[in-house]
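Q: Each chain, letter by letter, is given below.
There are 2 protein chains.
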Amino acid sequence: MLNPCDPAFAAHLATMVPQDVLSAPEARYLEDPRGRWHGEAGAVARPRSVTEVAVIVRACAAARVGIVPWGGGTGLVGGQLMPSGPAPVVLSLERMAALRGAYPDENALVVEAGMILSDVQAEAAKLGRMFPLSLASQGTCRIGGNLASNAGGLNVLRYGNARDLCLGLEAVLPDGTIWNGLTRLRKDNAGYDLRHLMIGSEGTLGVITAASLRLYPVPAASVVAMLAVPGPEAALRLLTLASARLPGMISAFELIGRMGFDFLAEVMPDLQAPFGPVPEWMVLVELGLPASLAPEATMAALYDEASDAGLVTDGVIATSDAQATALWHLREAIPEANRRIGAVSSHDISLPLSAVPEFIAKAPAALAKLGAWRINCFGHLGDGNLHYNVFPAQGRSRSDHENTRDAVKACVHDMVHAMGGSVAAEHGVGRLKTADLAKYGDPGKLAAMRAIKAALDPHGIMNPGAVLTAS
Amino acid sequence: MLNPCDPAFAAHLATMVPQDVLSAPEARYLEDPRGRWHGEAGAVARPRSVTEVAVIVRACAAARVGIVPWGGGTGLVGGQLMPSGPAPVVLSLERMAALRGAYPDENALVVEAGMILSDVQAEAAKLGRMFPLSLASQGTCRIGGNLASNAGGLNVLRYGNARDLCLGLEAVLPDGTIWNGLTRLRKDNAGYDLRHLMIGSEGTLGVITAASLRLYPVPAASVVAMLAVPGPEAALRLLTLASARLPGMISAFELIGRMGFDFLAEVMPDLQAPFGPVPEWMVLVELGLPASLAPEATMAALYDEASDAGLVTDGVIATSDAQATALWHLREAIPEANRRIGAVSSHDISLPLSAVPEFIAKAPAALAKLGAWRINCFGHLGDGNLHYNVFPAQGRSRSDHENTRDAVKACVHDMVHAMGGSVAAEHGVGRLKTADLAKYGDPGKLAAMRAIKAALDPHGIMNPGAVLTAS
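Chains as they are written, first to last, in the working numbering: chain Y, 7 to 477; chain E, 7 to 477.
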């Protein structure tokens, strides 16, 4: 059993670190972006060094006090908030935001965990390189949180998930040991890959304090198009075609359904689709190209070939940076429109690529048995990752469906699971999906996870209740 | 303590599986390619299904009998051979070599662990795709072993190590539980990444029985060149230049030193360098290009730009497949020439890319204090992975240096470690480098590894003595 971070423990901990490291928890550490969770905490710790992190973790381990690691607070599944149980220490990495080293010739950057993602991108840009991780909250989220949750985002198709962009880690393990794995090696088979175990464990196996990151050359040119497609099946065939013609050059391939534009028309009417009438399905495609390929001509050639194959029916190719930005802005505004309309249930799911069209075709009929819905299905098609969000019918609100929400979620998740997919694709498990993990997870994997958790964190102090529920 | 697989246990085990699964160990299961190890075994098990594997593992766990998983037997670090201790069961996956599924539209293939790597490549080719893992032993090694050891090889720069080519795994855990993680998802954050923990653990945490693999489109054209460079520093700058000009299109970037050609001249005189006189340093570059880029012209443009920058001094661009094959054959013959000459000590090391030139510059002087050597330094420069092999001076043999071998190895490994590198880059730890891992490994990581091993394999039956020595 854990003990709370009560005033006595907070006072004890305060003697071990510089005076201003510990403070009472401000509201911002106890809220999440969607306003669905409210966390508890006995204190917030804001250390300035890995040594201070280690001191705090060791003291918490000795006293059996829980720790909730805190990055930018942007997680959508409650991984950064502990709503009940003995009040933990919130451990914010915000003061550990330094650049530790820049290695342009290696395409590598070493940063502390608290660096904001857009600052990581900016540091890479200073070197004439890019750090490809890109997601909606990049101005607020911090790289340690991105790694702890193995963030996805817009460029996974080409550059991989957060884990694929990490060469090495420094972390404090649950007993307060500092693991220095901050290497910059492209090949290293010296023992188990702790890095990949830590990445995606959502703070339950330790606190990431710094990371070596993989940078990429900036493509000489890029070109963006929004293409109307006959449907998801054609969109996937278009992706196969584009991948064969331009291997490794497709930076993004985003599916957008007409409902996304209906929502924009409803709540953000300044934003209009570049088509009239709006087609049922569209893809936003970005190519990042070498200097030897002319961007607009390359996209136009792809369009022509796809058109001949019946895979696109209409399209807009941006001919300026402003147009490209405007097309992206449409895609990026959809989550905000969703928020304003208010989903009954949102789902961050992934499927084997070839199962995506079948899922999109079948899910509405299954959901219709539970009520009348508007479905906004969009997402990172190249990764098989859909944000499949279910909204009330026009004129109704999410509060009308409080009693149906769980059934809607179960309907979607059951279908995804039956088709070989995952119900926690890029946002993680956090505390929102612990029951889903227990329900859908492979029993052998769950047992192994529990054994690893117990081995590395025998007192269960690291992010209690996240990912794995108390067994 | 483990028990041996004695005749009584072998007879007991034989009752649980079909009659021909268990047999006495033939010599081929007890030898390694370099003839440095000799293994012991009480029996060889050759199961046909994951269920049979599970039965065997469960029985061994109950009886505390060790298991040595066995793929193609090509490992270079003794991971597949147990030279001493209670005789284990050698568990060969050779009969589990089936294709479980082909998904060209997903760029995915599901195969059993015993499929030979070149057969995996052939299955991909049947789909018009490629499986990029490529290494010298590909006609013999098996994909399960490649994954267990996180194999590297020639195409890591572009496509990643074996772990990067794996979407999912099926494995039998040390208690006999079957973990079904054979998903084909590009994004899945549902819990800890057991896949990456299992990959590279060299059979010490379980037996991989099947894998979902990531395929890639075949480049429309490829072009190979051997370029003379002023030195390793220039070679790295050439790589940076090429990566910026042709991002994601450099399939291989191999460093070759003149000593490699001296050795070929000595023991395989039919193979001659395409230069006269042979330069001190060369790189073998392969580009894999889209149809829109003309291969020879693209390589020639790169050559010209590199030449203007002083990064190349001479070069041969293959103008036919036969010439390309011949250039590759030179590179691929070097390990065989090394074997014929007989190294005092071979080192599979990796370094941060920017440290490579300094290491290559400094190591000979350090080694000279121990004797007179010929050094053949070659390898996967784009990955910072060198095969740094130390040979006797001309006219002497490796047996003249038996007493110096450990000092040579320690000299190289100490330098690598001091420069932030790894002494187990792509071949793994096996049983050859357990002492190195204990010496150079981060103590926090080692403790975490031991805790994980004890949690998943409390009786220590899985590949005893590999990676981690008994603590």
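To be clear, the hints were calculated from the coordinates, so they are not data collected in a lab. Hints are not guaranteed to be accurate.
Note that the list lumps identical chains together, so a pair holds whenever it fits in one copy or between two copies.
[To be verified] Capping the alpha-carbon separation at 25 Å, the derived lysine to any residue pairs in SDA-like fashion look like this:
(1) K132 - E311
(2) K368 - R70
(3) K415 - E311
(4) K375 - H465
(5) K368 - E239
Predicted, not measured: the structure shown is a model, and the values here were computed from it.
Q: Could you run down the list of hints and mark each one as holding or not?
A: A quick look at each hint next to the structure:
no.: 1; hint: K132 - E311; in the structure: between (38 Å within a copy, 24 Å between copies)
no.: 2; hint: K368 - R70; in the structure: neither (48 Å within a copy, 50 Å between copies)
no.: 3; hint: K415 - E311; in the structure: neither (39 Å within a copy, 57 Å between copies)
no.: 4; hint: K375 - H465; in the structure: neither (45 Å within a copy, 52 Å between copies)
no.: 5; hint: K368 - E239; in the structure: within (13 Å within a copy, 57 Å between copies)
In terms of the numbered hints stated before, the structure departs from hints 2, 3, 4, listed from lowest to highest.
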